[in-house]
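Visitor: Listed here are the chains, written in short residue letters.
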Amino acid sequence: MSLVIVCPSCDLAHQAAVGPASWATRCARCRAPLQRPENGRIDTAVAIAVCALVLFFLSNAYPLVSIQYSGTTRDTTLLGAAMGLYSQGHAGLAALVFFTTIVGPFLQIACLMYLLIPLRLRREAPGQNTVFRLLAQLRPWTFVEVFMLGALVALVRLTAYARVIPGIALWSCGLLMFALAALTSRTTPGQFWRWVDGSRT
Amino acid sequence: MSTAATGRSLGLLVCLQCRATVRALEVQYPRCPRCYAHIYPRKPHSLALTAALLVCAAVLYIPANLLPVMYTRTLFDDERDTIMSGVLTLMQSGSWPIAVLVFVASIVVPLLKIIALSVVVFSAWRGSERFRMQRSELFRMVEFIGRWSMLDVYAISLLVALVQIRSLAFVSVGPGALAFAAVVVLTQVAARTFDERLLWESPK
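In order, the protein sequence lines correspond to chains Y and S. The opening position of the first sequence corresponds to residue 1 in the numbering used here, with each subsequent residue numbered one higher. The opening position of the second sequence corresponds to residue 1 in the numbering used here, with each subsequent residue numbered one higher.
A portion of the hints provided could be inaccurate.
[Unchecked claim] Here are some chain S residues pointing at chain Y (derived, C-beta under 7 Å): (1) CYS35; (2) LEU159; (3) LEU178.
[To be verified] Which stretches of chain Y does chain S cover? Using the computed rule of at least three CB atoms under 8 Å from a CB of chain S, they are: (4) 74 to 81; (5) 95 to 107.
Think of the hints as simulated: they come from the structure by calculation, not from any bench. Quantities reported herein were computed from a predicted structural model and do not represent experimental measurements. Cβ atoms here follow ideal geometry from the backbone N, Cα and C, with glycine treated the same way.
Starting from the given sequences, assemble the full structure and let the hints guide the process.
Guide: Here it is in structure tokens:
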């Protein structure tokens, strides 16, 4: 028995075996990724989500970096980066930084926990479809890894003028970047709906 | 290749949110039976929207590179940095790997992105049949790399937050930063409104 899957990138129809793919497949025509092996356990995903939430909390509660410049010390948090822009009258830029580095990652983690924890208990969260679609819209707008590299660039620029001391949040933000990547790759839409189907039977 | 069975020829739609393959129904606004997202045979007004967003991005790319993105005031001098002068400063201070990184992420990638998306949109509009796979892969690469252009915006936001030692040194944001961020956001949205499947269709 086989079923038809259509490539979302070029519309070519493929025949695929029923059941989870055991290896990654690509479209025969445009080479876009078509299926991923989907044998992940929901427990792992929940554990990574909890881990990411803790790291997110640490990244926001502690200063990212402090600088010492002729006797004065100054530090900033993740929120401080957005607030600095806001206080200079760049509300749009501040909103962009705030959304992509704080709201985006938080909502992504929160949505996943909201969806996965009830699924783990073989229930479905109220408004599951809406939350799932929100999550799919959010994913491309989370820029934690880009922020980390940007922070590195800023620090290198500053070392020429001041003493730079990395804070706790810088390390936790670096780990958060990996946790979010692991979470995203383990909760692909295909995998998510397979868990949903599994909880319904 | 011309006889390949496609979703369209079989009357199947694919939900771009949850990737379910569903049978196309004759209703006005079909929704995915699994995740209830709107599903379209093709993204609506894809070429027009993407082209409009690209034109905006291409226009804003000019002020983004010519206007200062950052002002630095210290006791001794005032500096106004554009993206390029920031790269040159990094180069002179000896951290050339970082300078190359910023140059690629902030100048090369946005420009290549605008060019690559224009090529893809134009060829999809013409229904060109050559190099389809290369264009398809180019598009996916652009989508993946584009996000890294935000790097400089974050670097500036951190410098602004940190260097506020009133009498000694003071960093503020220039108008170029806003134009630059707009270029990145517009090109990201443009990549999302473009429907890749149009690359594989011949004009009727």
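Visitor: Verify the interface restraint on S:LEU178: the C-beta must sit less than 7 Å from at least one C-beta of chain Y.
Guide: Holds, because the Cβ-Cβ distance from S:LEU178 to chain Y comes to roughly 6 Å (cut-off 7 Å).
Visitor: Taking the least C-beta to C-beta distance, is S:LEU159 closer than 7 Å to chain Y?
Guide: holds, 5 Å
Visitor: Against chain Y, is S:CYS35 within 7 Å by beta-carbon distance?
Guide: holds, 5 Å
Visitor: Counting residues of the region 74 to 81 of chain Y that have a beta-carbon nearer than 8 Å to any beta-carbon of chain S, does the count reach 3?
Guide: Contact hint for the region 74 to 81 of chain Y vs chain S: holds, 5 residues under 8 Å.
Visitor: How does the region 95 to 107 of chain Y fare against chain S when you require at least three residues with a CB closer than 8 Å, holds or violated?
Guide: holds (count 4)
In summary, the structure agrees with every hint in the numbered list given earlier.
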